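Protein chains in written order, with numbering that gives the first Met the number 0: chain A, 0 to 326; chain B, 0 to 297.
Note that these hints are calculated values from the structure, not bench results. Mixed in with the good hints there might be a few duds.
Claimed, not checked - Computed beta-carbon distance windows for the label pairs:
(1) B/179 to A/321: 27 to 37 Å
(2) B/96 to A/137: 37 to 47 Å
(3) A/218 to B/187: 37 to 47 Å
(4) B/11 to A/136: 16 to 26 Å
To be verified - Listed next, the stretches of chain A that the computed footprint assigns to chain B, with coverage defined by at least 3 CB atoms under 8 Å from CB atoms of chain B:
(5) 50-56
(6) 174-186
(7) 258-270
(8) 289-298
In this text, all values refer to a predicted model and were calculated from it rather than measured experimentally. Just so you know, even glycine gets a beta-carbon here, dropped at the ideal spot from N, CA and C.
Spelled out from the first residue to the last, the chains are:
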Amino acid sequence: MSTGFSVNMTYIRRAFQRRRKEPSMAVHNNTWRDYALIFLPYVWMLIFFLLPFLIIFKISLSVTEIAIPPYSPLVTFEEGAMQIILHLENYTSIFTDPDGTYIRSYLKSLQVAAFSTVFCLLIGYPIAWALATSKPAVRNVLFMLVIMPSWTSLVVRIYAWMTIMKKDGLINDVLMALGIIDSPIQMLQTDFAVYVGIVYCYLPYMVLPLFSALMKVDYSLIEAAYDLGCRPVKTFFSTLVPQTKNGIIAGSMLVFIPALGEYVIPELLGGKSSILIGRILWQEFFNNRDWPLASAVAITMLVILIIPIMIFYKIERREQEKLYAGK
Amino acid sequence: MRVNKPAAARLVIIILTLVFLYLPIGTLIVYSFNESKMVTVWTEASLKWYGALVHDKAIIDAVGISLLIAVLTSCTAVVIGTLAAFVLVRVRSFKGESAFVLFMTAPMVLPEVITGLALLLLFVTLGNVIPFFSDRGVIAIWIAHVTFCSAYTTVVIRSRFRELDISIEEAAMDLGAGPIKVFFAIILPAIMPAEVAAFLLSFTMSMDDLVITSFIAGPDSTTLPMLIFSSVRRGLSPEINALATIIVAIVSVCTFFAWLSMTRKQKRMAADRAKAARAMLIEEKAVIEHRRLYKSKA
Chain A
0 MSTGFSVNMT
10 YIRRAFQRRR
20 KEPSMAVHNN
30 TWRDYALIFL
40 PYVWMLIFFL
50 LPFLIIFKIS
60 LSVTEIAIPP
70 YSPLVTFEEG
80 AMQIILHLEN
90 YTSIFTDPDG
100 TYIRSYLKSL
110 QVAAFSTVFC
120 LLIGYPIAWA
130 LATSKPAVRN
140 VLFMLVIMPS
150 WTSLVVRIYA
160 WMTIMKKDGL
170 INDVLMALGI
180 IDSPIQMLQT
190 DFAVYVGIVY
200 CYLPYMVLPL
210 FSALMKVDYS
220 LIEAAYDLGC
230 RPVKTFFSTL
240 VPQTKNGIIA
250 GSMLVFIPAL
260 GEYVIPELLG
270 GKSSILIGRI
280 LWQEFFNNRD
290 WPLASAVAIT
300 MLVILIIPIM
310 IFYKIERREQ
320 EKLYAGK
Chain B
0 MRVNKPAAAR
10 LVIIILTLVF
20 LYLPIGTLIV
30 YSFNESKMVT
40 VWTEASLKWY
50 GALVHDKAII
60 DAVGISLLIA
70 VLTSCTAVVI
80 GTLAAFVLVR
90 VRSFKGESAF
100 VLFMTAPMVL
110 PEVITGLALL
120 LLFVTLGNVI
130 PFFSDRGVIA
140 IWIAHVTFCS
150 AYTTVVIRSR
160 FRELDISIEE
170 AAMDLGAGPI
180 KVFFAIILPA
190 IMPAEVAAFL
200 LSFTMSMDDL
210 VITSFIAGPD
220 STTLPMLIFS
230 SVRRGLSPEI
240 NALATIIVAI
250 VSVCTFFAWL
260 SMTRKQKRMA
270 ADRAKAARAM
280 LIEEKAVIEH
290 RRLYKSKA
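Work out the full structure: start from the sequences and follow the hints.
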């Protein structure tokens, strides 16, 4: 009897241990020292990252007032009784605006972000492939050259494109000298310029995850597919794409999510037609000083972004676990 | 012929990429040495705009503020990133772990306008209770920058932490070293390259940030990107070309050193691997020899 009982206890203990993730990796048992280490990063992020979002949500439920701060309080005390007034006007006005400005700019942002992601993927994949399959010495140099522009200032890079896309800029001059066009084409203040700017600035975010995925690819599979008579396109989709799936998704999310709220690039390169949601938020906040509406715009944007962020988070998590498992 | 196809394709891709990436920057640099005030019309070579830059007090002030914030931010973000990386790799399962991971990764992907607005509203709200926060100067910008830079420093340092051999730490502990001693004598030297990389990364991001800073900054604290942005919005100016050229020059020098250390590290690793392989070969030979002798004896 007694042995049976102890066996059962071991089973129970094992079952509990298994519930903890990978018990072999849990090197320390949690001590006060661990909690002391967690304390600073955790509290910092709670105060300066989580709390702000609660405040944004709170302010989005108030209305604008000419006061300091310029919004109505949610909780008031009148005649000794606490009153909570929640205004949903900001959210309804986003959706029922007579001109449809907000809805249109959301759709426009989604369109620009989606197309930019596709362009980045189409341009970034060959670049990542070229990097991953070069000789190690060449690869290092190229890798640095691809990343270096992203270490210089974003505004400077956009400014550089403004100079060459101007009416009398380099691109128009070259095209005219070659006789391809007769008169300069308007490139600045168009959606085209916005796409060029976004692709130029976000390309490294796409190339890096693709590059690390392509470095791990088993290239003998491609040769095998060729030997078995597979056509190049089919080979690509049946060997490379499945093996680099996580890199493709991670890169796409890294471009799509920030591109959706991009402000600087459409502001400097885009015209009146590229009113993206980031610009709307900026205008409501800085020009109209309507803080509650700007908060409501931000919350709506967050709701749209929750799905892509969760996908990105899940992929990251999976990659991390793979790394641990590999160790 | 088939074999050369990928190589040719690779060359074309690489050339096109480099043209796309460096044509705008190259043009910018060339026109910074132009005498004319018109940014796109070449007259003659001159260093006049660099001279103008040195005497522009607004730019010098903005550079000062940006550098100060960038140094403060990088130091803090590296400390927070090291703590967070240690916790994520070594402690692993603790209460609220997945929330912690979310906090540490979310600032990397969220659109800057949202983060900027959120942080500003936080400072305004906290400012009502604690007056210290309502002064939206260097300290407020520093807090905002640390918040998004810590996410990046954590990722960089964490990946190095994972490569560490825990048995060395355990050996030190067994020999009587305390946790603090172990950290400074063993862990810190081993993760130093990642600490430097994380420092440089948060330094460049702090120097470059425009959107979040614009939300936070009060009227007295204009950083360099804010100044460039407002001047670019007014129109093209050769002075900005000169400033951009200096930024590109500094970044290129840093990139060169980064490349140098990367190649050195790889060479060292390759040499270590060769050594290990040689050692294994010798051992194998010894084993074979031993077996042969043993057999001949028997």
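Supplied distance hint 27 to 37 Å, evaluated on CB atoms of residue 179 of chain B and residue 321 of chain A:
33 Å, holds
Confirm or reject the coverage of the region 258-270 of chain A by chain B under the rule of 3 or more residues with a beta carbon closer than 8 Å to the chain's beta carbons.
With 7 residues in contact (Cβ-Cβ under 8 Å with chain B), the coverage given for the region 258-270 of chain A holds.
Mind checking, does the region 289-298 of chain A have 3 or more residues with a CB under 8 Å from chain B?
holds (count 4)
Is 37 to 47 Å respected by the C-beta to C-beta distance linking residue 218 of chain A and residue 187 of chain B?
39 Å, holds
Would you say the C-beta atoms of residue 11 of chain B and residue 136 of chain A sit inside 16 to 26 Å of each other?
20 Å, holds
Mind checking the hinted window 37 to 47 Å against the Cβ distance between residue 96 of chain B and residue 137 of chain A?
Holds, at about 41 Å.
Under a C-beta cut-off of less than 8 Å, do 3 or more residues of the region 50-56 of chain A approach chain B closely enough to confirm the stated coverage?
holds (count 5)
Mind checking, does the region 174-186 of chain A have 3 or more residues with a CB under 8 Å from chain B?
Contact hint for the region 174-186 of chain A vs chain B: violated, 0 residues under 8 Å.
Going through the hint list in order, the structure does not satisfy hint 6, though it satisfies all others.
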